[in-house]
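Colleague: The hints should help you fit chain B onto chain A, whose structure is shown.
Going line by line, the protein sequences match chains A and B.
For the first sequence, numbering that gives the first Met the number 0 assigns the number 0 to the initial residue and increments by one for each residue that follows.
For the second sequence, numbering that gives the first Met the number 0 assigns the number 0 to the initial residue and increments by one for each residue that follows.
Check the hints yourself; a few may be wrong.
Reference excerpt, derived from the structure (chain B facing chain A, CB under 10 Å, subset only) [unchecked claim]:
| no. | residue |
| --- | --- |
| 1 | T141 |
| 2 | R155 |
| 3 | V158 |
Simulated restraints on C-beta separations [said to hold, decoys possible]:
| no. | chain 1 | residue 1 | chain 2 | residue 2 | range |
| --- | --- | --- | --- | --- | --- |
| 4 | B | S99 | A | T471 | 52 to 58 Å |
| 5 | B | S162 | A | S141 | 31 to 37 Å |
| 6 | A | P294 | B | A81 | 39 to 45 Å |
| 7 | B | T78 | A | T106 | 53 to 59 Å |
| 8 | A | G25 | B | S99 | 43 to 49 Å |
| 9 | B | V49 | A | S44 | 51 to 57 Å |
| 10 | B | P100 | A | A312 | 29 to 35 Å |
| 11 | A | N150 | B | S162 | 27 to 33 Å |
| 12 | B | L106 | A | S30 | 43 to 49 Å |
| 13 | B | S99 | A | N150 | 30 to 36 Å |
| 14 | B | Q73 | A | Q223 | 54 to 60 Å |
| 15 | A | G516 | B | P100 | 52 to 58 Å |
| 16 | B | V101 | A | A312 | 54 to 60 Å |
Output of the computed footprint for chain B on chain A, the stretches with three or more beta carbons under 8 Å from beta carbons of chain B [stated by the list, open to error]:
| no. | segment |
| --- | --- |
| 17 | 25 to 39 |
| 18 | 59 to 68 |
| 19 | 86 to 94 |
| 20 | 468 to 476 |
It should be emphasised that the hints constitute simulated quantities derived from the structure, not laboratory data.
Virtual Cβ for every residue (Gly too), placed ideally from N, Cα, C.
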Amino acid sequence: MRIPRHHHRSTLGALMAAALMLMIVGGIFVSSWVTLMSTRAMQVSFLEEVCKRRVGVESSRLLGWQLITDRGFQRNGSKNANEILSLGDGLGSLSTANGWNNLNIYTSTSTAGGMSTVFPYNHTGLRPGASYITVEQLTRPSYDLSGNIDNYNGWQFLKTMPPVLNGDVFCVYRKPDGVMTELDIYRDAGSGSSGHNANWTVRGRTVVRHPPSFFVSSTPSPLQLPFLTQSLYIQSYAAAEPPNIPYPVYGTDLDGDALLPSNMPVVPSTTGPIGGSGDRRHHGYLDVVRNDDNPDNSLWHFQDREAAAGRTATVTIDVAGVFNSATEAYWIAEQKNPTYTPPGWPSGYDDKLRVLFIKLDSAFLKNMRIYGVVDQIIFVGQSSAASFTKAAPLKPVIITIMPNGSRGRWVRDIRFERENNRRHVLAFQDDGGRPVEFSWVNNPISGNEFRWRGVLVNEHQSLMFNLPSPMTRTVRWIGGVMTNWTIKRRAAGGNNPSRLLFTSDSDPAVPAATNVGPAFATFLPRDAWLETYFLPVAPP
Amino acid sequence: MKIPSRLPLLTVVDRCLRWFAQPPSTPLSGLNHRQPSSTARRAGYTLIEVLAAGAIVSVAATAMVSLSSTLMLQEELATRVAITRNFQENMTRLWQLGLSPVQINSLMPAQAQNALLQQAVHGTPALVETGLTTINGVVMETARSTAAVNISRDPRNEVEGASFTLTAYRPRLITALRPPPP
Numbered sequence: 000m001r002i003p004r005h006h007h008r009s010t011l012g013a014l015m016a017a018a019l020m021l022m023i024v025g026g027i028f029v030s031s032w033v034t035l036m037s038t039r040a041m042q043v044s045f046l047e048e049v050c051k052r053r054v055g056v057e058s059s060r061l062l063g064w065q066l067i068t069d070r071g072f073q074r075n076g077s078k079n080a081n082e083i084l085s086l087g088d089g090l091g092s093l094s095t096a097n098g099w100n101n102l103n104i105y106t107s108t109s110t111a112g113g114m115s116t117v118f119p120y121n122h123t124g125l126r127p128g129a130s131y132i133t134v135e136q137l138t139r140p141s142y143d144l145s146g147n148i149d150n151y152n153g154w155q156f157l158k159t160m161p162p163v164l165n166g167d168v169f170c171v172y173r174k175p176d177g178v179m180t181e182l183d184i185y186r187d188a189g190s191g192s193s194g195h196n197a198n199w200t201v202r203g204r205t206v207v208r209h210p211p212s213f214f215v216s217s218t219p220s221p222l223q224l225p226f227l228t229q230s231l232y233i234q235s236y237a238a239a240e241p242p243n244i245p246y247p248v249y250g251t252d253l254d255g256d257a258l259l260p261s262n263m264p265v266v267p268s269t270t271g272p273i274g275g276s277g278d279r280r281h282h283g284y285l286d287v288v289r290n291d292d293n294p295d296n297s298l299w300h301f302q303d304r305e306a307a308a309g310r311t312a313t314v315t316i317d318v319a320g321v322f323n324s325a326t327e328a329y330w331i332a333e334q335k336n337p338t339y340t341p342p343g344w345p346s347g348y349d350d351k352l353r354v355l356f357i358k359l360d361s362a363f364l365k366n367m368r369i370y371g372v373v374d375q376i377i378f379v380g381q382s383s384a385a386s387f388t389k390a391a392p393l394k395p396v397i398i399t400i401m402p403n404g405s406r407g408r409w410v411r412d413i414r415f416e417r418e419n420n421r422r423h424v425l426a427f428q429d430d431g432g433r434p435v436e437f438s439w440v441n442n443p444i445s446g447n448e449f450r451w452r453g454v455l456v457n458e459h460q461s462l463m464f465n466l467p468s469p470m471t472r473t474v475r476w477i478g479g480v481m482t483n484w485t486i487k488r489r490a491a492g493g494n495n496p497s498r499l500l501f502t503s504d505s506d507p508a509v510p511a512a513t514n515v516g517p518a519f520a521t522f523l524p525r526d527a528w529l530e531t532y533f534l535p536v537a538p539p
Numbered sequence: 000m001k002i003p004s005r006l007p008l009l010t011v012v013d014r015c016l017r018w019f020a021q022p023p024s025t026p027l028s029g030l031n032h033r034q035p036s037s038t039a040r041r042a043g044y045t046l047i048e049v050l051a052a053g054a055i056v057s058v059a060a061t062a063m064v065s066l067s068s069t070l071m072l073q074e075e076l077a078t079r080v081a082i083t084r085n086f087q088e089n090m091t092r093l094w095q096l097g098l099s100p101v102q103i104n105s106l107m108p109a110q111a112q113n114a115l116l117q118q119a120v121h122g123t124p125a126l127v128e129t130g131l132t133t134i135n136g137v138v139m140e141t142a143r144s145t146a147a148v149n150i151s152r153d154p155r156n157e158v159e160g161a162s163f164t165l166t167a168y169r170p171r172l173i174t175a176l177r178p179p180p181p
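In isolation and in its complexed conformation, chain A is listed as follows (with noise of 0.2 Å):
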């Protein structure tokens, strides 16, 4: 047969073209692979030096926070501008671009809401909370200095705020250095008048700075916190430590279950510097009644300052003896048969007692610097609905009580009589760990729940809260507390935690009304904490 010839060529052709066609895809294909390896192949080998630029920005950062922590806290620090520190070539740097002069967080008044906001965060997309904020940055120096890595521009925010305004109701700090024994809110001990145990309710956060504090070698492990609380922060590092907790803390939630502390990511914060040292700052101490180391934290100098700005002078009470009467805002008695006996009377006591009476309402009420020249105190409350709400806006006052002398007399019982709606802040310090009764007297305005409302600092005194009787009625501690040392609750008054309850400031079930003068926070100690953001534009 013979084949056309026109066919015969066309077959051989489209054969050809069939296999270049062939080739040119395979070549193709094969140029893609060997670009996809290369490129793979290139990735991974830039993956070493990623690497290392990811662990040195995150070197600079976190040597930006210890420079902020160490200078950032003190009072009065300064720091120069376009200071450089640097690791080490390529391992990370920063510059203290404008510095920063006199620099004192404890007196900074201005707040996330004074910020540009748009809803819901302001634009530099913080959310704003509630804080005392002053903002330092620190960026990446020039590039031709070695240490560089990558840009850094991390606005330092060093915030401030009184934590019993900010959820934490029950703040307990620190147990002070050289004391052997525990510092008890969890010891379920004895009964009747002696006994105490903790029973009571936290309506808010409770703090935890140092669980070691809790510890001695009678104490069970792991610990748990008896009195009931909404929530639970606990500061310590140990909480985050496999696989065993060194001294663990638990709590109660207020169904009486067990509760675990919220406390990841764990934020170091102070209330200043501590005995001029500043190595020991964030280590969870209170010292706030009067530390001469950081006046702008200190009640006692808040008392001054007050007093130097001509709104409320300071009365000091040294002496004892009869002085004032009953229509003053405050008086001095002697009482051979005390209006309330105090425990152990007459035994320990002189053969009078020497009162201290102080009216909560008073206009004219100051600060005031109580020694351990009397033996009682007697908080004169408000007696009627009309003088509790006419209580709520006056102006707030500094108590401050400490031992006459190192070791010397100390004031022994405190009573609340009726109920208060003043803001004040009652401080004490002693030097002993030595106890202090708390008992509330006559009746409450109205119904059984005697409100009392202020914060409570407490630097190492133990207070022993007396329930009222019957036992029906109870307590509720309006302003929340901070302590360092041992709070409990008398035996006597039972073990049902709902007769005491410590709420915040803001609690709604008994309303507040903003204070004449200077705000409530600049009357009360604050905690300090740093945040660190890496934000493109200075924040307003």
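Modeller: For chain B alone, kept in the frame of chain A given last:
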């Protein structure tokens, strides 16, 4: 089929196909015994041409196989490098978060129980705390983490490949805040 002139690309392809369809310049011997010898020669390829083409294809195929093999090996090594460096960086970042080397070892995946890690990493990556460094009065803790890639093709034996060290810093305060165990 007539290719519309407004599609230049298709026109080019059409011309190429027509060119391929031209009779070969060299006749294919034995295709048709009854054709004149000159016509038969023009319709086929010589043995030499076929052999040469075959040789070229063989070389290309061999090169492609070799390249593929190399690339696959490279890919395997790249995977191992990625695994090793990722493991190493995570160790370092955990340390920067405040964990101790013991804690980090507890948290990182165990090599003995992870075939991928066993295959990728040579030996055990080490994170060593190297003490304190002071930078303009600011005291920082420092550590180095070192890891090497396993470059062995034999799963039973490890061969040490490139070693890489990361240097990291963290604040001293992290350790200062951690209470000693009771």
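Colleague: Flag every earlier hint the structure violates by its number, smallest first.
Modeller: 2, 3, 6, 8, 9, 10 and 20
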